[in-house]
Amino acid sequence: AVVGERHPVRGEIVKAYVVLREGCEASSAEIIEFCRERLSPHKVPRAVEFVNELPKSSIGKVLRRKLKETP
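Be aware that the sequence shown starts at 31, since it is given in the working numbering, and climbs by one per residue.
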């Protein structure tokens with residue numbers, strides 16, 4: 031999931047929350063490089079955070095506002 035996060039200089043940056051599949055490994059740099067090869071520059075995340083699971087609603091939609099609330 032991707033959300034906008036406050037940044038003191040830029041105002042807001044793109045931050046990705048990533049859940050890796052079991053047995054898979056990836057670094058933040060690898061995720062950013064993968065995105066850089068496939069997305070427009072303004073869509074590439076500036077920060078990546080790995081999480082065990084994404085918060086979801088009762089119907090399975092990702093609750094992006096909950097991600098923004100996490101420290």
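The hints are simulated quantities; they were obtained by calculation from the structure and are not laboratory data.
We treat Cβ as the ideally placed atom computed from N, Cα and C, and that holds for glycine.
Mixed in with the good hints, there may be bad ones.
Claimed, not checked - Label-pair restraints from in silico Cβ distances:
{"hint": "1", "residue 1": "Gly34", "residue 2": "Ala56", "range": "20 to 26 Å"}
{"hint": "2", "residue 1": "Gly90", "residue 2": "Pro38", "range": "30 to 36 Å"}
{"hint": "3", "residue 1": "Ile43", "residue 2": "Leu84", "range": "25 to 31 Å"}
{"hint": "4", "residue 1": "Lys73", "residue 2": "Arg51", "range": "21 to 27 Å"}
{"hint": "5", "residue 1": "Glu35", "residue 2": "Lys91", "range": "17 to 23 Å"}
{"hint": "6", "residue 1": "Gly90", "residue 2": "Val39", "range": "25 to 31 Å"}
Said to hold, decoys possible - 30 Å max Cα-Cα, derived DSS-like pairs, lysine-lysine:
{"hint": "7", "residue 1": "Lys98", "residue 2": "Lys45"}
{"hint": "8", "residue 1": "Lys73", "residue 2": "Lys96"}
{"hint": "9", "residue 1": "Lys91", "residue 2": "Lys73"}
{"hint": "10", "residue 1": "Lys96", "residue 2": "Lys86"}
Numbered hints the structure breaks, given as an ascending list: 3 and 6
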